[in-house]
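One line per chain: the protein sequences are V and U, in this order.
Each step along the first sequence adds one to the number in the numbering used here, with nothing skipped, and position 87 is 91.
Each step along the second sequence adds one to the number in the numbering used here, with nothing skipped, and position 283 is 741.
Hints were generated in silico from the structure; no laboratory data involved.
Glycine included, each C-beta is placed from N, C-alpha and C at the ideal position.
Certain hints may be false.
Label pairs and their computed distance ranges (CB to CB) [stated by the list, open to error]: (1) U:503 with V:193: 17 to 27 Å; (2) V:303 with U:535: 32 to 42 Å; (3) V:84 with U:727: 32 to 42 Å; (4) U:481 with V:201: 22 to 32 Å.
Beyond 12 Å from chain V on every Cβ pair, some chain U residues (computed) [unchecked claim]: (5) 521; (6) 573; (7) 709; (8) 753.
So you can see what is in the structure, the chains are spelled out below.
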Amino acid sequence: MTLAAHGAPVSYEDLRKRPFSRLFERVILAALYGCAFVSLLTTTAIVGVLFVEAFAFFREVDIRDFLFKTTWQPLFEPVSFGVWELVAGTVNVVFWSLLFALPIGLATAIYLSEYAHPNTRRLLKPVLEALAGVPTVVYAYFALLVVTQDILKPLLGDRVDFFNALGASLMLAVMILPTIASISEDAMSNVPRELREAAYGLGATRMEVALRVVFPAALSGVVAAILLAIARVVGETMIVAVAAGSTPNLTLSPLESIQTMTGYMLQVGLGDAARGTIDYQSLFAVGAMLFVMTFTLNALAQWVVARFREVYD
Amino acid sequence: MAADLEMRPHGGAPEQAPTLAATGQVARRQRISRLSRYVLMAASLVGVAVLIYLAVVTLDQGWARLSWDFVTSYPSRFPERAGLRSSIIGSIWVVGCTMVLAIPIAVGTAVFIEEFAPRNTFTSLVKLNISNLAAVPSIIYGILGLTMFVRYFGLGPSIIAGALTLALMILPMTVIASQEAIRQVPPSVRQGSLALGATKWQTVWHHVLPGAVPGIMTGVILAIARAAGETAALIMIGAFTFIAFDNTSIFDDFTVVPVQIYNWTIRPQEAFRVNAAAAIIVLMAAVLTLNLIAAVIRERFRQQY
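This is chain V alone, in the form it adopts within the complex (with noise of 0.2 Å):
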C-alpha cells in the first residue's frame, strides 16, 4: 500500500512496524476519548454530589420552606431554612454591581469600538483584561478595607454598616467590568462595515452610528456579555464572604450588612459542620441552587447570542 520514495523497496523492518503503530494510533485515540470524557465525569459528578446530599437535606426540611420561607436562621433556634433571604443577597450586589458596572462598561466598548484609535484600542484593552485577572481575594481586600473604611465610612459615617453590600458591589462591579466591556466590543466590532458606512452616508454623526446603528445591531452580544456578568457576580465567593457580611437579610439597600449564598457556603466550608449535620446538608442544598442559576444564566446567554445574532449577508 505504501511506497517508500522514489519507488525503493519497501523493507521488511518498515511493514514489520505496520500493525505496531496501527495498534499505537488506536491506543492513542483512546486516550483521547479518555481525557474529553474527564469533563463530562465532572459534570457528572458535581451534579451528583450536589443533588444527592440537597436529597438528603430535603428529608429534614420541607422543600416549600425552603423555596418559600423567608428567615433564613441555620445555627440557632428556632431554625429555619428560608432560602429567600440568601437569595435576596445575591440580587443585592447584583442590582448594585451592574448598577455601577453596566453604564461604564458600555461606554467603555462604544468608545474603543467605534471612537478610539487602533493604537488606543490595543493598549487599553489589555489594561482592562489586566482587571479580570486580579485574584478575588485581592478584590475582598480592597473592598472591605479600602473602600468601605477609606471612603464609604468617612462619606456616609454610621448610616452605613461595616459589612455592607455597597463595598463588595463596587468592587464587584470593577471585577465584571472587563467581561461586560471586552465581550461588548467584540460583539460590536464584528458589525460590518457597510452598516456604519450607510449612515455616514445619510448624514448621521459618529454618535448617532454608535448608538442607533451598531449598539442595536450588536445587541445579542451584549445582553450575553450582561449575562456572564451576572452570572460571573452570583457566582463570586471571597469579595461577598469578606466584605458584605454573614447576616441573612431580606434587603436591597446597599447599606446594611447582609449575606448571599456563595457568603453562606464559605462560612459553612470555614466551620467544621459535621458530616451528616443538617448545616452541613444545607451547603449541597444552596450550592445546587447555585449551580442552577449560574448554569442557567450561562445557557441563557448562549441561547441569546445563538438566537439574535444578526447575521449579514
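Put chain U on the given structure of chain V with help from the hints.
Chain U alone, transformed into the frame defined by chain V:
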C-alpha cells in the same frame, strides 16, 4: 468618512463657506457627537484609574512591610513576625501539581475535539459541556473537591486534593484556549503531512501541536495565574489552616498565598492589614508577571503562518 463629517471647518468664517458649515439642527447634532467622544473616553478611563488607585494604595500600605524576612517566615500570631513562607511553598506545590494533572488532559481533550472527534452526540455533548463547565463558580468546584477528593477518596485537606480540585476548575478554560490554538494551524499543514503518508496521530504530534504550542502556552499561563489566585475552592477543601512547616509531600496539609491574604484581611488588628497588603504585592507581582509572559508569547508568535 466619519472624520470628514466632523472636521468641517466650523471654526472658520462660515459666511465665506456657507456650503460646508452646518447650521441649526445639524450643527447641534454634531456638537453633541463631538461631546460624546469625551464623555465616553472619560468613562473608559475609569477602569484604568481604578487599577492605578488600587495599585498605589496597596504599595503605600504594604511596601514598607516587604522584606526577605517577610517572605521566609512562617505565619504567626504576632503580625510583625508573621510571613509567607509556608503559603508560598504551598502555592508552588499546589499550582505545580495542578498543571501536571490538567495540561495533558486539557490538550488531549482539545486535540480530540478539533482533530479526531466524529460528528456525533458524544462530541457535541463534550463541546456543550465544556462551555457550561467554564461558567461553574469556583466554590462549586470546592464543594466537589471536599466531597470527592477530601472525604470520599480519603485524601484529606492535602496538596493532591487541592490540585485535583483546581485541575478540574481550570480544565475548561485551558481546553478552550488549546482548541483556538489548534484551529490557528492551517489545514494545508495537515494535508501536506497526510499526503506524505503520515498517520493521523503523526500529523498531529509532529505538525499540528508544534504549531499550536505558543497559543496553548498562552492559555496555560493564564490558567496558572487563575489557579495561583484561587481562594474559595481551596478554603472549601480545608486550606484555611495554620501551617508552620515546609511541605515535602503531596499528602501534606497546606495553605496558599491567597488564603493567607484572606486570613490577614479578616483579622481586626491594623498590623495584619499591612501584612495582607504586603502579601497582595507578592501575589500581584506573580500574577502580573504571568500575564505579561502570556502577552509576550502571544505577540511574538502571532503571525507564524
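TODO: Mind verifying the non-interface call on residue 521 (chain U)? Its CB should be farther than 12 Å from each CB in chain V.
DONE: holds (15 Å)
Task: Status of the given 32 to 42 Å range, CB of residue 535 (chain U) versus CB of residue 303 (chain V) - done: Because 48 Å falls outside the window, the suggested range is violated.
TODO: Taking the shortest Cβ-to-Cβ distance between residue 753 (chain U) and chain V, state whether it exceeds 12 Å.
DONE: violated (6 Å)
Open item on the list: I want to verify a distance hint. Is the separation of the beta carbons of residue 481 (chain U) and residue 201 (chain V) within 22 to 32 Å?
Closed with: Check passed, 25 Å falls within 22 to 32 Å.
Task: Minimum Cβ distance from residue 709 (chain U) to chain V greater than 12 Å, as the annotation requires - done: holds (20 Å)
- [ ] Test the statement that residue 573 (chain U) is away from the interface with chain V: the closest C-beta pair must be farther apart than 12 Å.
- [x] Label violated. Min Cβ-Cβ 8 Å, cutoff 12 Å.
Task: Supplied distance hint 17 to 27 Å, evaluated on CB atoms of residue 503 (chain U) and residue 193 (chain V) - done: Hint holds: Cβ distance 20 Å, inside 17 to 27 Å.
Task: Distance restraint evaluation - residue 84 (chain V), residue 727 (chain U), Cβ atoms, bounds 32 to 42 Å - done: The hinted range 32 to 42 Å holds for residue 84 (chain V) and residue 727 (chain U), with Cβ atoms some 35 Å apart.
In terms of the numbered hints stated before, the structure departs from hints 2, 6, 8, listed from lowest to highest.
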